[in-house]
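Novice: Position one of the sequence shown corresponds to residue 220 (this note's numbering), numbered consecutively onward.
FYI, nobody ran anything at the bench for these hints, they're computed from the structure. Just so you know, these numbers come straight off a predicted model, no measurement behind them. Heads up, some of the hints might be wrong.
Straight-line Cα separation of at most 30 Å, DSS-like style, residue types lysine-lysine; simulated pairs [unchecked claim]:
(1) Lys-234 / Lys-245
(2) Lys-280 / Lys-266
(3) Lys-279 / Lys-266
(4) Lys-251 / Lys-279
(5) Lys-245 / Lys-279
(6) Lys-251 / Lys-234
(7) Lys-251 / Lys-305
(8) Lys-305 / Lys-280
(9) Lys-280 / Lys-234
(10) Lys-245 / Lys-305
(11) Lys-305 / Lys-266
(12) Lys-280 / Lys-245
(13) Lys-279 / Lys-305
(14) Lys-251 / Lys-266
Cβ pair distances, simulated, as ranges [unchecked claim]:
(15) Asn-242 / Leu-308: 33 to 41 Å
(16) Ala-290 / Tyr-229: 28 to 36 Å
(17) Asp-299 / Leu-250: 16 to 24 Å
(18) Thr-294 / Asp-262: 27 to 35 Å
Every residue gets a Cβ at the ideal spot worked out from N, C-alpha and C, and that includes glycine.
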Amino acid sequence: DSGFGAATVYTNVRKGYTTECPNAGKFISNLKFNLDMEGEMMDAILKGGDAQTVATDWLKKHPDAVAPWIAGVTTFDGGDAAAAVKTALGG
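Using the sequences provided together with the hints, build the complete structure.
Specialist: Below is the structure:
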């Protein structure tokens with residue numbers, strides 16, 4: 220148990236954004252976190268960790284978590300998002 224309570228978080232964008240930017244819209248609709256994910260990262264942040272470093276370290280530790288988030292998503296130039304994430308994480 221992470222010690223943090225459950226919550227529902229909604230991500231909102233302005234009207235028309237997902238039509239104008241379907242790639243970003245797909246990523247936003249794919250992005251899901253569960254309590255264990257959030258609890259592990261929030262615990263590290265509350266213990267003084269830098270949020271970006273904590274998130275990067277978490278992604279390196281859980282590389283399979285990214286696959287559903289980037290399903291159907293490309294890089295800005297239309298490239299392979301999975302390969303870009305792997306490169307960004309030092310893989």
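Novice: Hints first: check each against the structure and report whether it holds.
Specialist: Taking the hints in turn, this is what the structure says about them:
no.	hint	result
1	Lys-234 / Lys-245	holds, 15 Å
2	Lys-280 / Lys-266	holds, 18 Å
3	Lys-279 / Lys-266	holds, 19 Å
4	Lys-251 / Lys-279	holds, 17 Å
5	Lys-245 / Lys-279	holds, 23 Å
6	Lys-251 / Lys-234	holds, 21 Å
7	Lys-251 / Lys-305	holds, 19 Å
8	Lys-305 / Lys-280	holds, 12 Å
9	Lys-280 / Lys-234	violated, 36 Å
10	Lys-245 / Lys-305	holds, 19 Å
11	Lys-305 / Lys-266	holds, 27 Å
12	Lys-280 / Lys-245	holds, 24 Å
13	Lys-279 / Lys-305	holds, 9 Å
14	Lys-251 / Lys-266	holds, 24 Å
15	Asn-242 / Leu-308: 33 to 41 Å	violated, 20 Å
16	Ala-290 / Tyr-229: 28 to 36 Å	violated, 21 Å
17	Asp-299 / Leu-250: 16 to 24 Å	holds, 18 Å
18	Thr-294 / Asp-262: 27 to 35 Å	holds, 31 Å
Of the numbered hints given earlier, the model fails hints 9, 15, 16; all others are met.
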